[in-house]
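A.B. asks: Protein chains in written order, with UniProt numbering: chain A, 1 to 516; chain B, 1 to 516.
The set of hints was computed from the structure by calculation and includes no laboratory data.
Hints should not be assumed to be uniformly reliable.
Since copy identity is lost for identical chains, a pair holds within one copy or between any two.
[Stated by the list, open to error] Only pairs whose alpha carbons sit at most 27 Å apart, straight line, appear in this in silico DSSO-like list of lysine-lysine: (1) K172 with K299; (2) K273 with K168; (3) K235 with K393; (4) K515 with K73; (5) K252 with K172; (6) K73 with K168; (7) K500 with K61; (8) K393 with K252; (9) K75 with K393; (10) K473 with K393; (11) K393 with K474; (12) K172 with K512; (13) K500 with K172; (14) K273 with K355; (15) K336 with K168; (16) K73 with K393; (17) K168 with K235; (18) K172 with K61; (19) K436 with K252; (20) K83 with K172.
Nothing here was measured: the structure is a model prediction, and the numbers come from that model.
Listed below, chain by chain, are the residues.
There are 2 protein chains.
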Amino acid sequence: MASFLRTASRLRPAAARSIAFQSSKMTTAVSFPAQRQYASAAASATISNDVEQPFFPDEPKGPTVKTAIPGPKSKAAIEQLEKVFDTRSLNMMANYNQSFGNYIADLDGNVLLDVYAQIASIPVGYNNPALLLAATSPEMASAIINRPALGNFPQHDWAEILETGILKVAPKGLNQVFTGQTGSDANELAYKAAFMWRRQHERGGAHVEFSDHDIASSMVNQSPGAPQLSILSFKAGFHGRLFGSLSTTRSKPIHKLDIPAFDWPQAPFPVSKYPLDQYAAENAAEEQRCLDETERLIKEWPQPPAAVVVEPIQSEGGDNHASPAFFRGLRALTRKHNVLFIVDEVQTGVGATGKFWAHEHWGLTDPPDMVTFSKKAQAAGYYFGNNELRPNKPYRQFNTWMGDPARALLFRAIIQEIERLDLVQNTATTGEYLYKGLERLAQAYPSEIQNLRGKGQGTFLAWDSPRRDEVLKKAKTVGVNVGGSGERAVRLRPMLIFQKHHADIFLESLEKVFKA
Amino acid sequence: MASFLRTASRLRPAAARSIAFQSSKMTTAVSFPAQRQYASAAASATISNDVEQPFFPDEPKGPTVKTAIPGPKSKAAIEQLEKVFDTRSLNMMANYNQSFGNYIADLDGNVLLDVYAQIASIPVGYNNPALLLAATSPEMASAIINRPALGNFPQHDWAEILETGILKVAPKGLNQVFTGQTGSDANELAYKAAFMWRRQHERGGAHVEFSDHDIASSMVNQSPGAPQLSILSFKAGFHGRLFGSLSTTRSKPIHKLDIPAFDWPQAPFPVSKYPLDQYAAENAAEEQRCLDETERLIKEWPQPPAAVVVEPIQSEGGDNHASPAFFRGLRALTRKHNVLFIVDEVQTGVGATGKFWAHEHWGLTDPPDMVTFSKKAQAAGYYFGNNELRPNKPYRQFNTWMGDPARALLFRAIIQEIERLDLVQNTATTGEYLYKGLERLAQAYPSEIQNLRGKGQGTFLAWDSPRRDEVLKKAKTVGVNVGGSGERAVRLRPMLIFQKHHADIFLESLEKVFKA
């Protein structure tokens, strides 16, 4: 209760009462099993002897499964929703009033340990008390009902909100932010910045005016005003589903089919063999092959790339990893050819990999030109590092909203919570513990866990499963909500507040699935 | 005070106290001039003798201008913001704590009548008490801190939020919604739906599987998987600034320069002559010319259009109007050629034109296939009318957020406020009154107000001004915040709570500018 009380003591009385209400509602409404005994052979070895202080002592002690999922109440609600909203992708109808911390509840009294977290988006737990404070503050209410057109009529404290929030965690070497709405949006804003930057260089600098030919051709979507330039991305990469971002997305046909796309190049992304130490030489050769092909495409593609975009860990595409050396090689290549280097941290950003930004693992001395993010930030923007990336005229990067102060306020509260609980360190420590547990399970069930990956990358772990979809489905029956990526990967995306005792529950549940 | 009290009586006590606080803060912090006498010759004729009940009696009685804008405090704040955020498009640094109803305040004690309203986005007034209630509700707090991935884990009351909110105002003939994030996003989602629908027809129906060639070519951005299809838009149209939406935007070069675009067709939009009754025959011929050219492009463009997208009133492009007959002609043409008809109501939607949706003015018997909106809805989505527009498989129209329950809750409160105060009727009535006043001013100052337009379109009025930017700038010195569109239009975008007494103040202020 200590951490909760520390937070609560800073609160306005009304909000504090609201939290107390929330908290008591949680503990009465959900029936928790008594503290579990972890008797299973493989999993028991993973139980920590450390005395671990839970971040949220009011959290359920473990999952509760009362019915099949979906149960009868969920089925009725899904049927109602289907009339007005496509439910074919529905995974679970949630009751967020009954969800808390790492646990997601449904309408039938089922409460699952959630290691999927709204596709890697919930950062510090459902109904986090500190976020509830931020959400019920007068600043938040004003931001919601007086939503400004930020580019024209920013609110008086916008600089302060940025400086005490988003910019406080700006990646090294980058000190400015452009606020957008979603991950796809952030990527497209970054691509636009790259195209403007490239054309400005081609023209000879910011002071050189657009030619009449530029102006006239831009209005009929023809070159040079609408230039024949490209963004280079990687096979199996995912960067969003708007028309520009989708042209760089190469994850799955179902994401791309029937949508017109730009004729932009894709380089191969390294296909690493596991375990890494056993295939060091082969993997290094594979990475060099991919770098060589990237360089060839930069030099030879008919529509020259203005930027290269890459995920630190390819997420939707199947949790594909590459070494820091590969990414340093990309930075060197892009620098050499005067192409911008955009790191898409939409899914990897904000603490889950044991660093605040996943690209911190690379040891770059020359930072990326732009870093995009969304998801755990509950907001999106792109960072840039110098004035060169500001377009030469106003209204070139502009839209009505230009972000959302409400989401920026929430992200500030998320950052404060991450700092208060030292959550980046937590994902590093818990991730290592979880990885070891998975290693032991992989030894006991080698056909179930293949190509285990993400060592040293916090809780951002994954493995291949020959019966992936069945495993995901059965996990619900033992109280775990977990997702997949690519064709056969199980991807773990727990929240930043996922601790060793949660890892124990997860590992035990997973073994139950394997045994069944 | 009656309307406010009616709202307040339904409130939780804490929220009601909060509103009372807000309201008293407003009345004490801003110094209001005494009730004005409208002595000016041209404007005085416009003063209504009706006894008009003000919606918000606590609103300022008129503007206050204390300093040049920006004043010293604003200048300091802008300087601070410039370090981290591009301020070259900044119009006015606002203090939303001090803004109320139709009035926007800055940091130097200036309080302006706002007929620009965050680029046509604020629907029912700054710090609207009913919206404050919604923003401080437990549902809102939960929606903010437990943001779901709606396609996978919708909240249990998502159907109810849609049904009692967005869908309650669905345009005639359309009964489903796909929720997005912004106007650009909504348009791109609609375009994607159109492309999928078109290709499905070409394949022979929803049951026909994608071919191997479709699948393989989609992954390398080539036809047929990434088809050579297009969206037809109109010259001077604006549909957003993402890569797909920008390819249909034809407003200004500064919006498009240096950004790669699809080779999509643009048809001419009618250039009407004013006054309309004087040029009826010429305008009809011009509209027929545009329809003929549209049909030619549909039939002949190498990348056939899957849809035609049009704004009911071209807004960013200069407030260009066409007749209902033109739009009925477009509907007929698209029907004839089996092309979808998308109406972009991002700026015109939600009550400002004297109808909830501007396309209601057209008297269509065959509704549009999709209607997109954002701005005053503080949210975006696209409506569609039948199951044919649901893609044949899940995950084809999908993203992490799929909208935002917090914004959907706010839009529900906006709809309730529109109903409670009968605001669509108000924009019709006030618009007519305002138009007449502008007509009189145009007669008195014919060189200042040219091509006055928007008669019968609520408060969605505009005119051309030979010294437009100067007029906009000087308007601030007499207490009015007003915006432009296109190269020389002054566009009025007051909120839905803009009443006759506001119109009087606006007209009087405008005359001051003309006289100066």
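A.B. asks: If a hint holds in the structure, say so; if it does not, say that too.
C.D. replies: Outcome of the hint check:
In this assembly of identical chains, the alpha carbons of K172 and K299 never lie at most 27 Å apart, being 29 Å within a copy and 54 Å across copies at closest. Within a single copy, K273 and K168 get their C-alpha atoms no closer than 37 Å, and across copies no closer than 54 Å, so neither meets the 27 Å cut-off. For the homomeric pair K235 and K393, the shortest alpha-carbon distance between copies (23 Å) is at most 27 Å, but the shortest distance inside one copy (35 Å) is not. Neither within a single protomer nor between protomers do K515 and K73 lie at most 27 Å apart by alpha-carbon distance, with minima of 30 Å and 68 Å respectively.
For the identical chains of this complex, K252 and K172 are neighbours neither inside a copy (33 Å) nor across copies (36 Å), given an alpha-carbon limit of 27 Å. In the homo-oligomer, the alpha carbons of K73 and K168 lie at most 27 Å apart only across protomers (25 Å), although the nearest pairing inside one protomer, at 44 Å, exceeds that limit. Taking the closest pair of Cα atoms, K500 and K61 come within 27 Å of each other only inside a single copy of the chain (13 Å); across copies the shortest separation is 61 Å, beyond that limit. For a Cα distance limit of 27 Å, the shortest separation of K393 from K252 across copies, 14 Å, qualifies, whereas the shortest one inside one copy, 38 Å, does not.
Within a single copy, K75 and K393 get their C-alpha atoms only as close as 54 Å, which misses the 27 Å cut-off; across copies the closest is 20 Å, which meets it. When the C-alpha separation of K473 and K393 is checked against a cutoff of 27 Å, the pair qualifies only between copies, where the shortest distance is 20 Å, while the shortest distance within a copy is 53 Å. For the homomeric pair K393 and K474, the shortest alpha-carbon distance between copies (24 Å) is at most 27 Å, but the shortest distance inside one copy (56 Å) is not. For a Cα distance limit of 27 Å, the shortest separation of K172 from K512 qualifies neither inside one copy, at 43 Å, nor across copies, at 53 Å.
Taking identical chains as interchangeable, the C-alpha atoms of K500 and K172 are never at most 27 Å apart, the minima being 30 Å within one chain and 55 Å between chains. In the homo-oligomer, the alpha carbons of K273 and K355 lie at most 27 Å apart inside one protomer (24 Å), although the nearest pairing across protomers, at 62 Å, exceeds that limit. For a Cα distance limit of 27 Å, the shortest separation of K336 from K168 qualifies neither inside one copy, at 30 Å, nor across copies, at 57 Å. When the C-alpha separation of K73 and K393 is checked against a cutoff of 27 Å, the pair qualifies only between copies, where the shortest distance is 25 Å, while the shortest distance within a copy is 56 Å.
Proximity of K168 and K235 under a CA criterion of 27 Å is satisfied in neither setting, with 33 Å inside one chain copy and 44 Å between copies. Taking CA atoms no more than 27 Å apart as the test, K172 paired with K61 passes in neither setting, with 39 Å inside one copy and 50 Å between copies. Taking the closest pair of Cα atoms, K436 and K252 never come within 27 Å of each other, the shortest separation being 31 Å inside a single copy and 58 Å across copies. With identical chains, the CA atoms of K83 and K172 are at most 27 Å apart between copies only, with a shortest distance of 17 Å across copies and 48 Å within one.
Checked against the numbered hints above, the structure violates hints 1, 2, 4, 5, 12, 13, 15, 17, 18, 19; every other hint is satisfied.
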